[in-house]
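Trainee: Single-letter residue listing:
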Amino acid sequence: MAIRIVITDDHAVFRSGLRALLEREDDFEIVGETGSGVDTIKLAEEMEFDILLLDISMPDLSGARVAEALLEKYPALAIIILTMHEHEHYLRELLQIGARGYVLKKSTGTELVQAIRSVFRGDMYVDPSIAGLLVSSYVGKPASKQESGGLQCLTPREKEICRLLALGFTNSEAAEKLFISLRTVEAHRGNIMAKLDLKTRAELVRFAIDNGLLRSD
Amino acid sequence: MIVTRIWERILSVPIYVKILGIGILVTFLFGAVSYYGIRASMYRTHYGIHAETVLSIARSLSSRVGKLIETGDAAAITEEIALVIRTFPDVRYVIIQGKDEQVLGHEFTFPTNIPADLMLKQDALCASCHTNPEAGELRSDLYAVPSEIVVPDARFQLWSRPGGLILEVATPVPSGGTVRVGAGDTIIQREITAVSQSLLFSLGVCLVIGQTLAFGLAYAIVRPIQNLLQATNRLRTADFDTRARVYSDDEIGRLAQAFNLLAGELRTYRREVEEKEKVRVSLIERIVRVQEEERKSVARELHDQLGQSLSSVLLSVQGLRRDGVLPEDRYSRVEDEVRGLIDQVRRLAWDIRPSVLDDYGLDSALQRFVEDVSKRIGIPFDYQSVYPVELERLPNHIEVTLYRVAQEAIMNIVRHAEAHRASVVLFRHSHEIILIVEDDGRGFEAGLVFRDKDAALGLLGMKERVELIRGELTIESEVGKGSAVRIKIPLTGEL
Ligand SMILES: Nc1ncnc2c1ncn2[C@@H]1O[C@H](COP(=O)(O)OP(=O)(O)OP(=O)(O)O)[C@@H](O)[C@H]1O
Ligand SMILES: [Mg+2]
Numbered sequence: 001m002a003i004r005i006v007i008t009d010d011h012a013v014f015r016s017g018l019r020a021l022l023e024r025e026d027d028f029e030i031v032g033e034t035g036s037g038v039d040t041i042k043l044a045e046e047m048e049f050d051i052l053l054l055d056i057s058m059p060d061l062s063g064a065r066v067a068e069a070l071l072e073k074y075p076a077l078a079i080i081i082l083t084m085h086e087h088e089h090y091l092r093e094l095l096q097i098g099a100r101g102y103v104l105k106k107s108t109g110t111e112l113v114q115a116i117r118s119v120f121r122g123d124m125y126v127d128p129s130i131a132g133l134l135v136s137s138y139v140g141k142p143a144s145k146q147e148s149g150g151l152q153c154l155t156p157r158e159k160e161i162c163r164l165l166a167l168g169f170t171n172s173e174a175a176e177k178l179f180i181s182l183r184t185v186e187a188h189r190g191n192i193m194a195k196l197d198l199k200t201r202a203e204l205v206r207f208a209i210d211n212g213l214l215r216s217d
Numbered sequence: 001m002i003v004t005r006i007w008e009r010i011l012s013v014p015i016y017v018k019i020l021g022i023g024i025l026v027t028f029l030f031g032a033v034s035y036y037g038i039r040a041s042m043y044r045t046h047y048g049i050h051a052e053t054v055l056s057i058a059r060s061l062s063s064r065v066g067k068l069i070e071t072g073d074a075a076a077i078t079e080e081i082a083l084v085i086r087t088f089p090d091v092r093y094v095i096i097q098g099k100d101e102q103v104l105g106h107e108f109t110f111p112t113n114i115p116a117d118l119m120l121k122q123d124a125l126c127a128s129c130h131t132n133p134e135a136g137e138l139r140s141d142l143y144a145v146p147s148e149i150v151v152p153d154a155r156f157q158l159w160s161r162p163g164g165l166i167l168e169v170a171t172p173v174p175s176g177g178t179v180r181v182g183a184g185d186t187i188i189q190r191e192i193t194a195v196s197q198s199l200l201f202s203l204g205v206c207l208v209i210g211q212t213l214a215f216g217l218a219y220a221i222v223r224p225i226q227n228l229l230q231a232t233n234r235l236r237t238a239d240f241d242t243r244a245r246v247y248s249d250d251e252i253g254r255l256a257q258a259f260n261l262l263a264g265e266l267r268t269y270r271r272e273v274e275e276k277e278k279v280r281v282s283l284i285e286r287i288v289r290v291q292e293e294e295r296k297s298v299a300r301e302l303h304d305q306l307g308q309s310l311s312s313v314l315l316s317v318q319g320l321r322r323d324g325v326l327p328e329d330r331y332s333r334v335e336d337e338v339r340g341l342i343d344q345v346r347r348l349a350w351d352i353r354p355s356v357l358d359d360y361g362l363d364s365a366l367q368r369f370v371e372d373v374s375k376r377i378g379i380p381f382d383y384q385s386v387y388p389v390e391l392e393r394l395p396n397h398i399e400v401t402l403y404r405v406a407q408e409a410i411m412n413i414v415r416h417a418e419a420h421r422a423s424v425v426l427f428r429h430s431h432e433i434i435l436i437v438e439d440d441g442r443g444f445e446a447g448l449v450f451r452d453k454d455a456a457l458g459l460l461g462m463k464e465r466v467e468l469i470r471g472e473l474t475i476e477s478e479v480g481k482g483s484a485v486r487i488k489i490p491l492t493g494e495l
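First to last, the sequence lines map onto chains A and B.
Counted from 1, the first sequence has number 12 at position 12 by our numbering; the numbering is strictly sequential.
Counted from 1, the second sequence has number 91 at position 91 by our numbering; the numbering is strictly sequential.
Chain A extracted, bound-state conformation (with noise of 0.2 Å):
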């Protein structure tokens, strides 16, 4: 039994190129082209298909709200987003709305025809050049140090200057809120700063939120 795919994408000379590129394959079968959500979504309401070849920049109706509203109603369909987004966000909100899988127009022909073969046997499918991205995303930012000594060794007053300084203040602001001089400020900023082994204010805004100091206002 053949594989029914309906291609949607708004660019139809890039659709005619893909229909032709896959019929080549005998067990597939194009049963649908439609150049917006819209019309994909009324598609699926008159016939049944396996799998969608689904664009996600388009004038009407984008990529991802397109596959939220299939697969709210048609939880089973097999959605393939194919695009030129390489980014992690995209990659990551697709596949959370529940994508099958993710291929970038420029890979190799083959590689979609491997795709769409994946997730007609039920797997998932990421484009290997972009599947890196979902690692790193996943393994995220390290968190922040915690093996110097943390909160404790901080004095009541860094603490305070800490806290100010994770949540945006300045440095003069800071000296102006707690009737100290600008330089004195500096100083603890440095001193806080060596303590707990912080090169940046990111780092600093993290330890502040790692530490609970942010929670209080």
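Since the hints were made in silico from the structure, they are not lab data.
Even glycine gets a Cβ: it sits at the ideal position worked out from N, Cα and C.
Honestly, I wouldn't trust all of these hints.
[Unchecked claim] Partial chain A-side listing against chain B, Cβ under 8 Å, derived:
id: 1; residue: L18
id: 2; residue: A20
id: 3; residue: R206
Following the hints, position chain B with the ligands against chain A.
Mentor: Chain B with the ligands alone, transformed into the frame defined by chain A:
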């Protein structure tokens, strides 16, 4: 030097003090001069009359005692002397001397004092009537005042004693001998004191009246000036509706009128400036908006049209490869080239306006930008946001502004800071959003940089854009101490 400083001191005294001071000074000077002048002339006339009176007393006595001296009737002489002293209360002593200046009779209303010229002959003198004179009695309290007037037939002499001046008139007795009459000036003194006192009293009254008037004048002068000063201060706080009160039509009043005219003109001028500023702001706002819209559509066009077309080309090449007309590696080369083109287009579109900014918001776009720069430049850029997902997305123009400003600040770090590290922090609170871009590089004097407007177009543009959305941009930097750019945008009210 010192003179000018003292002069300045005097001039800096309040007007009140100046006017009152002049009043007091003039009154005192006038009072003192007239007081002493009047006293002096009173002394002169009174003493003239006094001298004539005493002279006539002495003359009449001398005419009466001539015969008595010749007869040597001491009792009658004493009687005559007593009569004179009783009749004229101001007469202090009378001495009658014979031809050889021997004292024939005398009486003093003060017992212990004797004119100095008689002191020499005191033994003879006193022995003539005092049986046992005591040393203490003979002391002289009368000092000659160095003024002696000689009238042909009389000799005037002034003595001073604690009780006052004594004027002595000595007249010769035609048949030989001298009559000396000493008179005190108690009456004159009393008279002059009374006149002086009334003079002082009227002077005091004048002073009080004068000062009251001067105070009134000072008030009349100072009040409009103070009113004007207050109005000026209000004007300085941009209260252009303020008007100074015009109290009178004198110079100060005209100054106040001029001030009011000035305030009115300032107000018009200010309004014009405000209008222009409004036009300027809306112009900038439009330029920025149009520019962003343009960028957005160009980026879209590149990404979605050119990119897509290239993708189609790629597909066609892949289709051709299946047909296998040419050798395999030729297709691969074309495919790789097209892929490279797609990447270039994508990057170009991204640089012009990242689609993530529109599709996923500021946090994602900034994070991505910071990572890109960090990778490209090799300066470790740290990004941290406090960006609760449950808060709804910011209005697009705020996101775009913050993104652009952050880009400028980051590019400044890349180009100028020579930093080892830099970081970008984004705080999203419910009422405001804060963006901080910091580095530990060489720093700069923001004040100095801003003074040269042409050299700081980047920073000025950032400021301008932030102010368009009612935010504030603060630069905290010092040479050698890195720099921090902070943008704070309030999220209250309509955006
Ligand atoms: N992070 C920084 N560290 C050190 N110096 C800086 C930093 N940011 C700005 N400056 C200084 O301030 C000057 C003005 O910066 P600005 O961004 O206004 O202009 P620019 O970067 O020279 O030119 P452009 O208009 O292209 O941005 C810079 O020339 C530089 O000397
Ligand atoms: Mg710049």
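Trainee: Could you run down the list of hints and mark each one as holding or not?
Mentor: Hints, one by one, checked against the model:
A least Cβ separation of about 6 Å between L18/A and chain B falls short of the 8 Å threshold, and the interface hint therefore holds. The interface hint given for A20/A is met, as the beta carbon of that residue sits about 5 Å from the closest beta carbon of chain B, less than 8 Å. Because the beta carbon of R206/A sits about 6 Å from the nearest beta carbon in chain B, less than 8 Å, this interface hint is met.
Going through the hint list in order, the structure satisfies each hint without exception.
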